[in-house]
Amino acid sequence: MTDQAYNFAYLDEATKRMLRRALLKAVAIPGYQVPFSSREMPMPYGWGTGGVQVTAACLVPEDTLKVIDQGADDTTNAVSIRSFFEKVAGVATTEATAEASVIQTRHRIPETPLHAGQILVFQVPIPEPLRFLEPRETETRVMHALEDYGLMQVRLYEDIARHGEIARAYAYPVKVEGRYVMDPSPIPKFDNPKLNMSPALQLFGAGRECRIYALPPFTRVESLDFEDYPFTPSKAAGQDCAICGASGSYLDEVITDDAGGRMFVCSDTDYCATRVQEASA
Amino acid sequence: MDGLTPGFDHPATDAARAFRMVLDAMAHPGRIVTLDGPVAPAPCSQAACVALLTLADATTPLHLAGAHDCGPLRDWVAFHLGAPLVGPEDATFALGTWDALGPPAAYRQGTPDYSDRSATLIVEVPALSAHGTRLTGPGIETAAHLSVPDPDALRGNAARFPLGLDFLFTSGAQLAALPRTTKLGDG
Numbered sequence: 087m088t089d090q091a092y093n094f095a096y097l098d099e100a101t102k103r104m105l106r107r108a109l110l111k112a113v114a115i116p117g118y119q120v121p122f123s124s125r126e127m128p129m130p131y132g133w134g135t136g137g138v139q140v141t142a143a144c145l146v147p148e149d150t151l152k153v154i155d156q157g158a159d160d161t162t163n164a165v166s167i168r169s170f171f172e173k174v175a176g177v178a179t180t181e182a183t184a185e186a187s188v189i190q191t192r193h194r195i196p197e198t199p200l201h202a203g204q205i206l207v208f209q210v211p212i213p214e215p216l217r218f219l220e221p222r223e224t225e226t227r228v229m230h231a232l233e234d235y236g237l238m239q240v241r242l243y244e245d246i247a248r249h250g251e252i253a254r255a256y257a258y259p260v261k262v263e264g265r266y267v268m269d270p271s272p273i274p275k276f277d278n279p280k281l282n283m284s285p286a287l288q289l290f291g292a293g294r295e296c297r298i299y300a301l302p303p304f305t306r307v308e309s310l311d312f313e314d315y316p317f318t319p320s321k322a323a324g325q326d327c328a329i330c331g332a333s334g335s336y337l338d339e340v341i342t343d344d345a346g347g348r349m350f351v352c353s354d355t356d357y358c359a360t361r362v363q364e365a366s367a
Numbered sequence: 102m103d104g105l106t107p108g109f110d111h112p113a114t115d116a117a118r119a120f121r122m123v124l125d126a127m128a129h130p131g132r133i134v135t136l137d138g139p140v141a142p143a144p145c146s147q148a149a150c151v152a153l154l155t156l157a158d159a160t161t162p163l164h165l166a167g168a169h170d171c172g173p174l175r176d177w178v179a180f181h182l183g184a185p186l187v188g189p190e191d192a193t194f195a196l197g198t199w200d201a202l203g204p205p206a207a208y209r210q211g212t213p214d215y216s217d218r219s220a221t222l223i224v225e226v227p228a229l230s231a232h233g234t235r236l237t238g239p240g241i242e243t244a245a246h247l248s249v250p251d252p253d254a255l256r257g258n259a260a261r262f263p264l265g266l267d268f269l270f271t272s273g274a275q276l277a278a279l280p281r282t283t284k285l286g287d288g
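Protein chains in written order, with the working numbering: chain A, 87 to 367; chain Z, 102 to 288.
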């Protein structure tokens with residue numbers, strides 16, 4: 087039952103209309119950052135206020151919501167946001183990726199392949215991929231308008247010159263439909279291939295930075311690279327999950343003692359738990 | 102104000118459900134969705150009425166074109182949306198038949214640095230069917246088909262990407278969307 091002290095999904099209707107108009111333009115121009123009038127939310131910036139506003143604008147009472155933080159359903163951020171929407175929208179919640187109609191995520195894409203009709207909402211800290219190369223918004227706007235992404239290629243080249251490879255492991259820039267360069271939010275580059283031609287709708291919300299962008303289903307998303315230094319989606323090399331034994335999932339390194347002991351486990355808790363359950367059944 | 106029709110029964114949840122249908126349509130160009138809900142005075146279709154109630158308000162200048170620029174509909178807009186009525190060049194949304202709306206170039210196309218600042222045209226069509234012009238592009242796995250009014254003009258609009266207009270085609274309770282990214286083939 088929705089808490090009657092709040093409008094459905096917390097935000098007022100005028101705010102939701104503003105968000106919805108921004109979302110439609112974002113879907114119409116894949117990878118382009120649409121400015122929106124971000125609101126104060128009952129959580130601090132950096133805790134997913136952009137994602138929460140996008141989710142609030144999209145939710146219907148019939149939805150089943152899943153919230154993950156770095157792949158986990160049971161961390162503070164995920165639990166807080168999930169209970170927030172249970173309270174203010176009265177929606178059902180789940181931890182199973184396949185059962186969710188809307189998934190809000192911080193910095194991961196679930197291992198279980200998404201299906202058509204699902205909406206994946208990303209929490210984004212810095213939406214502008216060129217921001218650390220050019221601090222002025224007026225300039226990065228012009229760079230996007232002119233499709234002037236040479237600076238980004240130089241940055242990747244400098245990585246190769248210095249480290250022998252493109253050293254960026256997360257928030258790895260992508261090009262959408264051959265036009266806009268986009269920050270995929272700080273997902274590990276292991277997840278980048280999942281952005282490409284996904285049957286699900288992917289929405290990105292940056293609350294502090296007041297930007298919304300989107301990838302419609304079946305949109306071409308290429309990670310930037312060079313012919314002689316092709317993009318490689320990497321993870322902890324030569325390791326399997328210590329709990330479920332998965333070899334193909336993204337792993338977290340967990341320090342277990344003061345003597346250098348460590349283990350690698352799946353970052354996606356639902357994927358890992360499902361595998362353990364299936365193995366014991 | 103005689104005969105003013107009501108808006109949503111449950112504004113928050115009805116608008117939420119309607120938006121999800123419109124979002125679904127915009128994310129899958131050519132997909133025809135059904136928008137149930139209230140009706141506005143003729144000649145406004147039910148789908149156009151629901152779309153406007155969901156998206157338009159006092160912050161979105163609206164252009165009523167041709168037969169849609171009539172007293173009852175103006176009153177309905179004033180009461181339910183509060184949207185300022187303007188000419189094509191200032192409109193965020195425009196409503197009318199394809200012929201009445203006139204050439205797409207009359208509307209705001211966005212600017213190179215802010216390509217989202219373009220109009221969305223709600224085009225009333227006699228019927229919508231999944232036959233006709235072949236559509237490809239983002240949101241479409243292989244190809245879709247949609248009966249669109251003027252493929253040549255829409256091809257011209259798509260060619261201006263990332264500038265250009267986005268379209269919602271409405272007929273009765275049905276709605277289909279055509280964003281500027283969709284490429285139109287033959288037929």
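I should point out that these hints are in silico values taken from the structure, not numbers from a laboratory. Hints should not be assumed to be uniformly reliable.
[Stated by the list, open to error] Cβ pair distances, simulated, as ranges: (1) Z:E242 with A:A100: 54 to 64 Å; (2) A:S320 with Z:T106: 35 to 45 Å; (3) Z:R256 with A:A100: 46 to 56 Å; (4) A:D314 with Z:R261: 42 to 52 Å.
[As the list claims (entries may be wrong)] Not everything, but these chain Z residues come out facing chain A in the computed CB check (under 8 Å): (5) P107; (6) D110; (7) P112; (8) A113; (9) R121; (10) L124; (11) L156; (12) P162; (13) P213; (14) P263; (15) T282; (16) D287.
Owing to the predicted nature of the structure, the values given are computational and were not obtained by experimental measurement. We treat Cβ as the ideally placed atom computed from N, Cα and C, and that holds for glycine.
Given P162 of chain Z was flagged as interface, is its beta-carbon under 8 Å from a beta-carbon of chain A?
Result: violated, 13 Å to nearest chain A Cβ.
Tell me if the interface restraint on L124 of chain Z is satisfied: Cβ within less than 8 Å of some Cβ in chain A.
Holds - the Cβ of L124 of chain Z comes within 8 Å of chain A, reaching about 6 Å at its closest.
Would you check whether A113 of chain Z satisfies its interface hint, that is, whether its CB is within less than 8 Å of any CB in chain A?
4 Å, holds
How does the Cβ-Cβ distance of S320 of chain A and T106 of chain Z compare with 35 to 45 Å: does it lie in that range?
59 Å, violated
Between D314 of chain A and R261 of chain Z, does the beta-carbon spacing fit 42 to 52 Å?
36 Å, violated
Restraint check, 8 Å cut-off on beta carbons, for P213 of chain Z near chain A
4 Å, holds
Interface hint for P107 of chain Z, Cβ within 8 Å of any Cβ on chain A:
16 Å, violated
Going by Cβ atoms only, is P263 of chain Z closer than 8 Å to chain A?
Since chain A brings a Cβ to about 6 Å from P263 of chain Z, closer than 8 Å, the hint holds.
Is the shortest C-beta separation between D110 of chain Z and chain A less than 8 Å?
13 Å, violated
Hint check: is the beta carbon of D287 of chain Z less than 8 Å from a beta carbon of chain A?
21 Å, violated
Taking the closest Cβ pair, is P112 of chain Z under 8 Å from chain A?
6 Å, holds
Quick check on the hint: L156 of chain Z CB to chain A CB, less than 8 Å?
With a minimum Cβ separation of about 6 Å from chain A (threshold 8 Å), the hint on L156 of chain Z holds.
Checked against the numbered hints given earlier, the structure breaks hints 1, 2, 3, 4, 5, 6, 12, 16 and satisfies all the rest.
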